[in-house]
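Now for the letters of each chain:
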Amino acid sequence: MVFDLAWLSPLAHGLILTLEITLTCIAIGIVFGILLALGRVYGGRLISIPCSIYIQVFRGTPLLVQLLMIYYGLPSWGISLSAFTSGILALGLNTAAYQAEYLRGAIQAVKGGQMMAARSLGMTLPQAIRYVILPQAFRIVIPSWSNELILMFKYSSIVFSVTLLDLMGVGKRIAARNFRYFEVFIVVALFYLALVFIITQLLRLLEKQVRIPGLGEHAEHR
Amino acid sequence: MSLLKVEDVHKRYGKEEVLKGVSFELERGETKVIIGPSGTGKSTLLRCINQLSPPEKGRVWLDGVEITHAHAKINDLRAQIGFVFQSFNLFSHLTALRNVRIGPIKVKGMSKEEATKLAMEELARVGLEDKADAYPAQLSGGQQQRVSIARAYAMRPKLILFDEPTSALDPELIGEVLEAMINLAKGGMTMLVVTHEMGFARAVADEIIFMEHGVIAEQGNPQQMFSAPKHKRTGEFLNKITELYGETD
Amino acid sequence: MLLRGTLINIELLLALLIVGLLVGTVIALLQVYGGRFFGTLASGYAWIFRSIPALVLLFLFYFGPSQFGVNVAPFLAATIALGLRSSAYQSQIFRGALQAIPNGQMMAARSLGMSRLQAIVSIIIPQAFRLSIAGWSNEYSSVVKDTTLAYVVGLNEVLRHARIIIDRHYDLAMLAYLAVALIFLVLTYAGNWSLGRLEARIRIPGLQIGGEL
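First to last, the protein sequences are chains Y, Z and F. Residue numbers for the first sequence follow numbering that gives the first Met the number 0, so the first one is 0 and each next one is one higher. Residue numbers for the second sequence follow numbering that gives the first Met the number 0, so the first one is 0 and each next one is one higher. Residue numbers for the third sequence follow numbering that gives the first Met the number 0, so the first one is 0 and each next one is one higher.
Some hints could be false.
Examples of chain Y residues toward chain Z, derived with CB under 8 Å [to be verified]:
#, residue
1, 112
2, 118
3, 135
Pulled from the structure, derived: some chain F residues nowhere near chain Y, Cβ distances all over 10 Å [what the hints assert, rightly or not]:
#, residue
4, 111
5, 113
6, 115
Derived by calculation from the structure, the hints in this document are not laboratory data. Here a beta-carbon is modelled for each residue, glycine too, at the ideal position from N, C-alpha and C.
The whole structure should be built from the sequences, with the hints applied where relevant.
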């Protein structure tokens, strides 16, 4: 078993691309996910039904199929996107659906009395959502969204199938050229493990920073 | 012109009609207490007044402006009516101080400095200025309810509605809340209170309204209601709750 | 023709779920009852197989052995790779269920004179299985979609069939993928519906975890 240390450098570059892709798609997912969740909960039938359909479709179909559809399928309809764009679009649209569902659950977990109190003060619905409901919902949703971030980090590996040289893509190229699949992918696995560990710790720190006493997982109303 | 006028309000939940035509008026500075068996729609009536639960039929006026009107500016009107909930409903993600000042800032457009000063005054008025930076989960039930009263009063409403404000509290904590409410009443606030606390009613109520089966069965000033009620049922009910809830002052 | 490929996906799905269930149950039991040494090993196993991307596992189990002269069929490699991965997730679901069972159950069983093993087998595990069903619904939904990943190790499943169609009729690419997407929507809903029926049938009033685990 031989592993050439010279391979570490290209692998690290691949890792950077992986992180770029992950963070970009999560950002898309958060913004779009918030819109979808708000549409689902507060939109009238005209808005909430399309949102619901979107969410169910993107959660009910495989991510790989979504990616291939965008990269290989759209050209047959005349739309050609670069590999990178296809990658972040597919991942972003997918994670938005999941994030929307988690946020919707969190919004509905905020007790009804909070909205009543806000409206009783004279706040408009948008004000109540912005100042009372969402701040609480965001704290409740953090564990689910953290999970989603890590999940996306792992699933970003599928972009190698559309020729992107992320950690997975670089790994495959080196392994194929040198016929050293075992060693290379053990190292790739170690890279992922290390990053998952680091990201998990960072997220836990974040959660602690924004914790409100009595709100969230540790609340007594559970 | 009366401050609050309620006319023939009907409210239905599913198949059941909970309010079957309730009418009364409230003058400026008056305190009226609503009593009655559970489920007679007392809380529902309060929610009909500030439109959290709009009535099917009937009309409500605040200071001459019709709240139940289709084109009413409901948020403006709600800002003029305070509401204190049985389950407090303090905003869990905000400290006591921020709970009290968020209404003035976001709804009335006050500056943060002004609102903070106002909020601290109100917290002091209910005896909680040292808890300004505490979160609701860190406060006792009685403290939370007092903050809730401060929050309602900070909006300088024309009238405050109280929905069984002490029913969710441990017995030792009831006194401090009633005290805050009595101070408000003596200070001239117009109040409509749903409660079983007869000591409070005797101390400050201008009128007691007895509701049963979705309508007002009888109303009158406390002396008259306690000593010579017109209906037998009123007397029975009053006796029962005085037994249970005693005389607090 | 796509449907023939789908059959392979379904076979893979069943195979890997069974592997996942068997291994996952063992891991969960080790985590809860195995004592410090085995418990930590089990937790480590679960963490590793949850944190490594499915694709990396697929490559390791398919291409890895060929380096040492052993040729593994795509189906077997996929079953093992995805099965072990699922076992890690399923162990967490089952472990949550085991821990959600009130202490009193074990105490009552021991008071009757049952040994620890008897109590676990007759009292704890049956209840834990019922509590796990909601979590398994989620796992099913994830896994049914993950079977498409076996595409990258050459398994003759539905995406590969779609690819063949597309190579011949380039302009049908989008439609082919839409068809695959539709197939999976159906599979996901059919599966969840069946699991929902199963849960309703074996539900015992009063025995539930509030919502998902």
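Here is how each hint holds up against the structure:
Because the smallest distance between the Cβ of residue 112(Y) and any Cβ of chain Z comes to about 4 Å, under 8 Å, the interface hint for this residue holds. Here the hint on residue 118(Y) is kept, as its CB sits about 6 Å from the closest CB of chain Z, short of 8 Å. The restraint placing residue 135(Y) at the interface with chain Z holds, with a minimum CB-CB distance near 5 Å, inside the 8 Å limit. No beta-carbon of chain Y is positioned within 10 Å of the beta-carbon of residue 111(F); the least distance is around 32 Å.
Chain Y leaves residue 113(F) outside its interface by the beta-carbon criterion, the shortest separation being 31 Å against a cut-off of 10 Å. Every CB of chain Y lies more than 10 Å from the CB of residue 115(F), the least distance being 30 Å, so the non-interface label holds.
Against the hints set out earlier in the document, no violation occurs for any number.
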